[in-house]
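Residue numbering for the sequence shown follows our numbering, beginning at 57 and increasing consecutively.
By construction, these hints were calculated from the structure, which means they are not laboratory data.
Hints are not guaranteed to be accurate.
If you anchor each label on the Cβ, the simulated ranges turn out as follows [to be verified]: (1) Arg184 x Ala147: 18 to 28 Å; (2) Ala142 x Ala114: 10 to 20 Å; (3) Gly131 x Tyr186: 30 to 40 Å; (4) Leu173 x His151: 16 to 26 Å; (5) Lys144 x Arg190: 31 to 41 Å; (6) Arg150 x Arg187: 18 to 28 Å; (7) Gly104 x Arg130: 36 to 46 Å; (8) Ala77 x Leu146: 16 to 26 Å; (9) Ala172 x Gly104: 33 to 43 Å; (10) Ala88 x Arg125: 18 to 28 Å.
Keep in mind that this is a model prediction, so the values were computed, not measured.
Even for Gly, the Cβ is constructed at its ideal location relative to N, Cα and C.
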Amino acid sequence: MLYVVMGPPASGKTTWVRAHAKPEDIVIDLDALAVALSGPGTDDHGYGREVREVAYSARSAAINKALDRLPRMRGTDVYLIHSMPAAKHLARYRHHGAKLVTVDPGEAVVRQRVRALRGPGMDGVVTRWYRQQRASGTTPVSGAPSRDW
Numbered sequence: 057m058l059y060v061v062m063g064p065p066a067s068g069k070t071t072w073v074r075a076h077a078k079p080e081d082i083v084i085d086l087d088a089l090a091v092a093l094s095g096p097g098t099d100d101h102g103y104g105r106e107v108r109e110v111a112y113s114a115r116s117a118a119i120n121k122a123l124d125r126l127p128r129m130r131g132t133d134v135y136l137i138h139s140m141p142a143a144k145h146l147a148r149y150r151h152h153g154a155k156l157v158t159v160d161p162g163e164a165v166v167r168q169r170v171r172a173l174r175g176p177g178m179d180g181v182v183t184r185w186y187r188q189q190r191a192s193g194t195t196p197v198s199g200a201p202s203r204d205w
């Protein structure tokens, strides 16, 4: 099964995946890839533009390989954290039978977490995410905080 986990920054997507994925599952997470590709001491969200570009390429390759193997996987699920997939990506994921999961504890909670845990540049991403959700009429799967922050 392919799970596509969506939501704004600091909503609890990674926490949701950790609560549901088994050790044998595949987890594709841009932030985890970026940290793995960064030098020592890089925090989970403090990597630079160059690392981000390489991590995007690594994520794309991982997604392609996982989707290619998905029909033959037995007992292994794929969890893909993709905050705001474009329509073409959603169509591709749906073609592979994806279960779409939106983690959203609410805009006020997300903005509080972003102020406390992320850089100021993330505020614009939060605004864009909620604007896109309002335009699409999407309802979140999780309306409660994912954990105590």
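Taking the hints in turn, this is what the structure says about them:
1. Between Arg184 and Ala147 the beta carbons are some 21 Å apart, a value that agrees with the proposed interval 18 to 28 Å.
2. Between Ala142 and Ala114 the CB atoms are about 19 Å apart, so this pair conforms to the stated range of 10 to 20 Å.
3. Between Gly131 and Tyr186, the C-beta spacing of about 37 Å keeps the proposed range 30 to 40 Å intact.
4. In this structure, Leu173 and His151 break the distance hint of 16 to 26 Å, their C-beta atoms being roughly 35 Å apart.
5. Range check, Lys144 to Arg190: about 21 Å between beta-carbon atoms, so the 31 to 41 Å window is missed.
6. Remark: the range hint 18 to 28 Å for Arg150 to Arg187 is upheld by a beta-carbon distance near 23 Å.
7. Checked against the hint of 36 to 46 Å, the C-beta distance between Gly104 and Arg130 comes to roughly 39 Å, which is consistent with it.
8. The hinted range of 16 to 26 Å is satisfied by Ala77 and Leu146, whose Cβ atoms lie roughly 21 Å apart.
9. One distance hint, 33 to 43 Å for the beta-carbon pair Ala172 and Gly104, is violated here, with the actual separation near 22 Å.
10. The supplied range of 18 to 28 Å is met by Ala88 and Arg125, whose beta-carbon atoms lie about 20 Å from each other.
Comparing the model with each numbered hint stated earlier shows that hints 4, 5 and 9 do not hold.
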